[in-house]
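Q: From the two separate chains plus the hints, produce the assembled complex.
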Amino acid sequence: MIRVPNLSLDDVDEFISDYFPTAGATLLIGNVGFSPEVLYFPERLGPLSNVDMRFFHERRPAVPAVITHLASEREQQLRGLSACPMQVVDIAILAEDGAPIGGRNACMQVHQWLNAKAYTDVVVDATGMSRCTAFPIVKQLYQLSRDTPIRVHLLVADSTQAFSNVESVSNDRGGWMHGFPGETETDEFAKALKLWVVQLSEKAGTSLQTMYRELDSPEEVCPVLPFPAQNPRRADELLFEHREYWQREWFESPLNFIRAHETDPMDVFHSIARLHTTRVEALTGSGLISQTVLSPVGRRLPGIGMLLAALSYELPIFYLETVGYDVHGDLVSGARGIPTHRWHFRVDKLTPTHD
Amino acid sequence: MIEAKTVLGWLRAMEDVGINLEQVRIITTPNAEAARDAVNADDLSAFRERARVTERAIFKLINALVAPAEDELGGHLIDVAYAPFAIIEWIEISAAWRGRALRLKPMVIIDDAHELHPTQLEDVDLWLRDREIKIARWMLTRIDSLNLEDFRRVLRDEETVSPGTNPGRDRVRILLQDTENRNRQAFRAIAEDVARRYLQPLAAFHRRGSFLSLKTILNTARPPVLSDTDLHILRAENARLVEENQLTRERVEAMEAAYPADIAPDVKAAVTHIMLERELKRTPQRSLFGAPAEDSSEEEVSKVPRPVITGAELQMLHRFERPFYFGFERLADAANENIEQFVTLASVLVDRLETQAIRGRPLALDARQQHKAVREQAGDLIDQWDFPYAPQVRKLVDFIGGRCEELTLRPNAPLSDGANAYGILRSDLENLDSNDELARVLHYALAYQALVLIEPYECKGKTWALFELGGVAIIAKGLTHSRGGFVEGTLHQLKTSVGSAA
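Heads up: the sequence lines are chains A and B, in that order. Numbering (the numbering used here) for the first sequence: 1 to 355. Numbering (the numbering used here) for the second sequence: 1 to 502.
These are calculated hints, taken from the structure and not from any lab test. The C-beta atom is built at its ideal place from N, Cα and C for all residues, glycine as well. Be a bit skeptical, because a hint or two may be false.
[To be verified] Beta-carbon label-pair distances, calculated as ranges:
#1 B:P118 - A:H57: 42 to 50 Å
#2 A:E244 - B:R240: 46 to 54 Å
#3 B:A64 - A:A92: 16 to 24 Å
#4 A:P61 - B:G75: 52 to 60 Å
#5 B:L73 - A:Y19: 37 to 45 Å
#6 B:A64 - A:P149: 17 to 25 Å
#7 B:A439 - A:G337: 53 to 61 Å
#8 A:R233 - B:T496: 36 to 44 Å
#9 A:I2 - B:P118: 16 to 24 Å
#10 A:P61 - B:A258: 53 to 61 Å
#11 B:R359 - A:E249: 18 to 26 Å
#12 A:G205 - B:Q493: 45 to 53 Å
#13 B:T355 - A:F189: 38 to 46 Å
Bound-form chain B, shown alone (with noise of 0.2 Å):
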């Protein structure tokens, strides 16, 4: 069916571009003359007449209501037996196409090969790996499609071995998505240009005449600030604890001036919150009535971490309603370096800008609305998940979702910026057998990018699995979007998460 269909889309391929197919001439391998026969391919209308009768005997055979009788089937077989592709080397189109002859390389691709059982699959592949097909073969496969175990065992880099084959050299596997290097910054320009090539169609930004950077409008809106009552009660919540701790006024000062210059006064208090709530932890208690603590002020304060105040800010927006998802960066690492996820996400912001545009108002959005735009639109996004197992995966990223929230709210930040995946022990994880339903929740997981599989990642001295939550997930629970942040568990509780079918 594979070669009928690819020699009849050549023809029509060629048609469409206004060849008359008697300028075209099949070449075969040499010594081919009873297979070329078989196949017509001396006359361009009987090869493609033989190819539809193929066609027309597999389609007719494989939609009958009920399947013939296996002792009925000999005579199906006879307009079936059709192999093109043993013999096909060249296609000749004569000069009087386009002024010079030209000899094309056939070539044909399979896409989303994963939809093929998984033994079609084996079949095909290593049929296609033949040395003696000379025409060009390409096969895409949706990696994160395929089931659990066979994921896993293409991101080990594993190839079954299979006799009459060379894994390796015949066959050349090219990655499109990188799991293993996250290159933000590499995405980040990618998305940029997608933006930029979405923008640019819409009728509505057209009259506004001027180049439309998607990046310039998100990137320009003020940060955030919280309200005077919420930074009041941060500021007297710090009060206090300043007193538990019984520090000094220079030293709060000297640990605040440790802080990036750049960060707004609510932040600044923010991450003081954290900072004076891990020293609370570190220093035993003291006595109501003890001598005030030495003052330790030779002591190195060392620089606060990026990760920290990301994490102050995320604790601000769980307690605060703070803003946090704005700016073209957040947007970009949300989307799981998935353009499709990037455009669905941005387009919630497109939607907005473009009302602006057709009323006639200046194009911008503040922190407030890019934040609440995108969160609604991850919420959304996540109640219409409808596929296998939907409903067993909300439970599961509300499972994962409310225990690295629940680390991320800890008052001295123990990740910093906190948590947004499941680690269990890959020991832990060789426990599940394929036939389990959770291997079936979190094969669709990952195929529909709630969870993305981080493994092997290397951690205090062991080896664990990361579940980390999708780029969606993670704006709809308020998380943190960089790698690394993870809440330890077993394997045993997400399947009680996910819960047996009741």
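Chain A extracted, bound-state conformation (with noise of 0.2 Å):
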């Protein structure tokens, strides 16, 4: 089995007070979100001298006004966090014709502000980041970790009481996460039987069915539920929910749910990483390859311990941009407190395996 140092909730916060204000030179990189959870780790690590924020600035073309407008106050309030000088970035996350770059840009700034200094630690705070920009910079710097003594945290602050009416708009085309790239794409792996292992989320309907479809059919599929969860009944609303796709479209047998803490990412990830070497051992010798496909879709928790697997095994990640946000009603900003949520990983720490 492989580890992954984590600590949970006040564990957290401790470990932040005891450990940063002693550490090397620090980068803190996170996201100009529109929630208040955003503010909640640079808070505690902005005050110290010896780091460095520097923060994305996603840029999306069809975002309401009012969450710009969110946005451009959130950056005002972290630049008063700050004790050192901060830097905004914007990254596009779309080209104009619509293709998804928001990982390479993102990667790109990255590899800018480490050359800029050196640095002992690197802090992600995916807290208000997109998939598509955090995923790919964890890789980053989990590879440079593997060559260097750099040491890598990632951190991540949830509230149950996130933005419900607020709702992703999904690009009509998906594909591969970069730096999560499906090895099905080249020639030795063509013959490979796919396992798609998909989040199932609220209104996701059209998104499951364009990837389904995009990965030509994949051989298994392993919907992930959300159980344990706040709403015990909410497995069983999305199983309601997608029926047509699990019943007619692809072909499920129920046994293939994985069912996983609702918040839990390291419950996500024993359990992807269970299931993909228990395929692995089984068909070894059959002359057969099998490929485990992630797809991380929905809340932000269960898509980070996705993450931890895909790292842990060389897993490929399909999914479908978020282009814009669509928001019904009045934008209720909600109360700040601490959030119900908080999660630190030694990602550095992540003792990898070869199958």
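A: Spelled out as structure tokens, the structure:
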């Protein structure tokens, strides 16, 4: 089993106040997101003199003005927290023809920041960051940590009171997450059996169907259901919402569902790791190759579990880019308090395994 | 990359049918020895390995987390230089496979080429038009996936002329969807065939044994009738209108005699309603005490055209919920000549029939059941639209649908069966900047057939661009499927309807 040193809840805050004041030069990479949790970790790390805060500002074409406005407000608030000069860089998520380039742009920018100064620690605060920017840079830093003594920390804060009336609008074509390409694209793996592990989420029907088609009808589908969950019926409701797909289109049998904790990335990580290693073991010697493809959809925390699995086992990630947001009604900011979920991972200490 | 993947695809395809690569020979153009060696055309396993090396090198390059610096690229490019298309002419398979030697022309099909960046697409297009390439080449593009500007250019059949090409001669364009000449009869026939293939494999229907035709099932539904209460309301209104118009009974009967013979009493009443409202608009106001109008029975009563009947039915749909969307033909017409759309709409009806079959009930769906199922499905489909700018496209469809509904419901039915499109002057459309948000919204609206662009459309001495609602939107809004009726508007109003991101 792969080990990932991790901390949750108050342990995270304790660790931050113990460790970082005496650490070496630290780079904090975050995103100017619109949710209030985006301020949580910068509040604790910004005032430290050894921490350089660098932020992305993800730019998408079809974002309602009210969200852009909120993001600008956040930017101002973040500037107020920083002891050292802060930088905010615009990251275009889509090219003019709609192709997703966020991951590439983010990695390019991180590369520049790392070249500008020698850091002993890098912190990725994925709280307000989209998957398409967070995942590639975490992989980039993970790869870096294999060759250099740099320490890589991944922080995530999340609250259950997230903006429920904001829906993301997805792109209509899927693609491999930058840095997590599907080897099935190449000739040697053309005949590999695809095992598709996909997170089920509300109102994601069209996206799921697009991905299924573009993956060329994977041989096996393992939807990930959130259980235990705050709403105990959520898994059932998701099954009902998407019944057309798993009962008919995907020819699914109920035994292939994975149930993983709604807000515990480690549970998701271990479930996928178990599934993948068992599959690989089962097929050894049969002459068949298998590829486990991950698709994080919907809430953030399970996606982090998928990221950890992808890093540990070199798994590809297939997804649809978020191209905009749809706000129903007024944007209610939500009360600020301590985020319900806080996680810390030492990505550089992820012990890799070879299949 | 295209060349490497194509070559590997050919080899996999041959192995899949049991051909041993040792039985294969690559025939290249004469005087291509050096190029032949570069791709290892003499030894098939080396040929494959060379292609794989290229594929892997490019794959690694494009998937590097941080792209290598330009001065480092040189090292990678050695493996990437690969040009089999320039020399391959035939693929020969020895007689050891099927008894006689085969000489095959290799082909490459590039599907969904519109997913390339426009510059890439142009480059690929230019490259493949080279007459020196001997293999067969096909490129498939969804023109409605191009941005609005390019799409309109393609519709006008304008070709960009580039040096070294001969438009019209080095490329054959085949349109798989004819947006200009709508042949509804032709599509209805195709739809019938598709419906048959759709029903056949369904296990529930097998036990029925007999030949199943969706068309027959849907068309045997009896036409709906208004409830007596509603019919009474309609007739009372008509009576009032007759009085206002000061018409005689004979006049009304003569008018009604001009209707097609097969229409039902409730439709008749609704048509009369329209005709009387038209009459009212035509004649000047009469005094309450004036002499009754002269009996102009000599006036030729012209036949009432079918669109007016349709218009009456639509008005009854909106006023009294009288079912309208039933029958096979209306279903086929709603598909915008797109088989996938037809199947999506038909699927709800097939689902209900399947349930009936499983329960051992007779297979039948009356007009109301068909109408309700299809309308709900249309509404659901629109709610589920999930593509870039979908929320704005929904607003646009709501706006256009609302204006069309207004026009369709006017008591005198000025456009007979009403409107289903929004028309702006072509000159107005020219003012749309391609970077404007509306241009992008329209791009996706057209790509997903929320709207259909009909341009140029000549009407009333002017040239219009019509944005017709797609079949699914038409059903959701309760409008006619026939082309031609449109609401006049401006580009500015369209922009406002979509709203700036707010």
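Q: 16 to 24 Å was suggested as the range; check whether the CB atoms of I2 of chain A and P118 of chain B agree with it.
A: Taking Cβ atoms as reference, I2 of chain A and P118 of chain B lie about 44 Å apart, which means the hint is violated.
Q: 53 to 61 Å was suggested as the range; check whether the CB atoms of P61 of chain A and A258 of chain B agree with it.
A: holds, 56 Å
Q: Is the hinted range of 38 to 46 Å satisfied by the C-beta distance from T355 of chain B to F189 of chain A?
A: Since T355 of chain B and F189 of chain A have Cβ atoms about 42 Å apart, the given range 38 to 46 Å holds.
Q: Falls inside 16 to 24 Å, the C-beta gap from A64 of chain B to A92 of chain A?
A: holds, 19 Å
Q: Could you check the hint for me, namely that P61 of chain A and G75 of chain B are 52 to 60 Å apart, CB to CB?
A: violated, 37 Å
Q: So the hint says 42 to 50 Å: do the beta-carbon atoms of P118 of chain B and H57 of chain A match that?
A: violated, 27 Å
Q: Quick one: are G205 of chain A and Q493 of chain B within 45 to 53 Å, going by C-beta?
A: Violated, at about 33 Å.
Q: Return holds or violated for the Cβ distance of R233 of chain A and T496 of chain B against the range 36 to 44 Å.
A: holds, 42 Å
Q: Tell me if the beta carbons of R359 of chain B and E249 of chain A are separated by a distance inside 18 to 26 Å.
A: Holds - the Cβ-Cβ distance for R359 of chain B and E249 of chain A, about 24 Å, lies within 18 to 26 Å.
Q: Is 53 to 61 Å right for how far apart the beta carbons of A439 of chain B and G337 of chain A are?
A: violated, 44 Å
Q: Using the C-beta atoms of E244 of chain A and R240 of chain B, is the stated range 46 to 54 Å upheld?
A: holds, 50 Å
Q: Determine whether the Cβ-Cβ distance between L73 of chain B and Y19 of chain A falls within the hinted range of 37 to 45 Å.
A: At roughly 41 Å between Cβ atoms, Y19 of chain A and L73 of chain B fall inside 37 to 45 Å, so the hint holds.
Checked against the numbered hints given earlier, this structure breaks hints 1, 4, 7, 9 and 12; the rest are met.
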